[in-house]
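Visitor: Construct all of the structure, not just a fragment, from the sequences and the given hints.
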Amino acid sequence: MADKRTQRRKGWTRRRFLQTAGAATAAMAADSALAAYGVGTPAHAAPLTTLPKPRAGARIRLLQWNSFVRVADNELKRQAKEWGDANGVTVAAGDGPDIIQMQYGWPHLYTASTLTVTNEVNYLIGRLGKVHPVNEAYCKVRGEWRAIPYTQVPNAWSYRTDYFDKAGVRSFPKTWDELLAAGKKVADATGKPIAQTVGHAYGDSLTMWNPVLWGFGGQEVDKDGRTVTISSSETETALRWAIRAAQAGIKWFPEWLDPDNNQAYHADRISATLNGASIYIREVIEFKHFDRVTDNAPMPSGPKGNFTLNLVMNHAVMSWSRERDTAKAFLLHIMDKAVYSKWLGAARGYNAGPFEAFNNDPVWKSDPKIKAYRDVVVDARGQPIGQWAGWPAAPSKWTSQSQTQFVVADMFAKAVATGDTSAAIKDAEAKLKAIYGRY
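FYI, the numbering for the sequence shown is -35 to -1, 1 to 404, going by mature numbering (1 follows the signal peptide of the UniProt record, and there is no 0).
Keep in mind the hints are simulated off the structure, nothing from the lab. Among the hints, a few may not be true.
[Unchecked claim] Beta-carbon label-pair distances, calculated as ranges: (1) H231 - A303: 32 to 40 angstroms; (2) G53 - G91: 23 to 31 angstroms; (3) D189 - R92: 30 to 38 angstroms; (4) G402 - Q212: 33 to 41 angstroms; (5) R257 - G133: 19 to 27 angstroms.
Keep in mind that this is a model prediction, so the values were computed, not measured. Where a beta carbon is used, it is the ideal one built from N, C-alpha and C, also for glycine.
Guide: Right, dumping it as structure tokens:
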């Protein structure tokens, strides 16, 4: 990570931003709690007086990840070409991007390198309704929108119903303790363990271990965003659960990155894992080995409640762009309800929309087995749910740094590897105090 003192003093140039963040991009709660921060946009925001218009002959570049659902990526490319042809604009990938897809809290880290898009987001709110509070918390910095909400990649548990049935486990566990018990039964009966990363996977590790910590009552930092609170009996209970789960036969892999659990599932080496819908989707449309014996389930709960964290992507227009209006116009186009719904359909449940207009998109009725992925974004009443890394503190530079350094995941990994919960907590506490005490 670059020196933050330099970042504050000079801001970020295009080259420095790409060196630290862009390359990585290319390679790759309760309602009351949400309301406590004042997040949640009004149903109808003030409309734009003037919409940004694309400049004929312009060329804009978009930098974003390659997702695990290729057909959805291809649909976005098709939409970009269709819009570009209609407006005399070329939309391409490459160096010096005008638009960068931001993961999680990046707008809080790179605020000086992004343009304000408050007018554009207000326009979308007027057409599509409220923004999901998690997307809003990540996109909005000091009252200004620094990114246009784009999507959440919901994570749920894909599991083999045949293996669970063989072990006498008739439904996916509803609590972490039930998951531990089921893990032992399934491993003993089939030799196919429940498995998950405890490493530096930006999607699957973060979305696993933060909810486990919260479910047992642990928190890395207080709501004030400054006071480190990781050293607690609740954190120790969460770590001891992870240790007991490993002893029962659940496999935690510190070396796994985001593709590894997908590969293990498709290779018939594991019985269940936390992942986006891509495992199930690829079984249905590509591999066709285990699609009929694969189902999906939402996150289990801990003694302190049910918590979810999803991979969140939003689009920022960069301050160095020479085609600002064209870039903004393109982002408004891909968020048009009809256009975006086509993309959601192509994604088949891998993506969820960030505006309330997409909560009941037709994709969620296309296959009952993908319902779990909707259930970790909105509840049965259609109300938004979910947390962000660093919760209950609001997203900030500090929570984002903790997240990108995998402090919570590393704490679990150390505890599982050594059995020493005290040392794991002390190590995490020292790292967190270094982060939160820096500014």
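Visitor: Each of the hints needs a verdict: does it hold here or not?
Guide: Evaluation of the provided hints:
no.	hint	result
1	H231 - A303: 32 to 40 angstroms	holds (34 angstroms)
2	G53 - G91: 23 to 31 angstroms	holds (27 angstroms)
3	D189 - R92: 30 to 38 angstroms	holds (36 angstroms)
4	G402 - Q212: 33 to 41 angstroms	holds (36 angstroms)
5	R257 - G133: 19 to 27 angstroms	holds (20 angstroms)
Violated hints are absent here; each numbered hint is respected by the structure.
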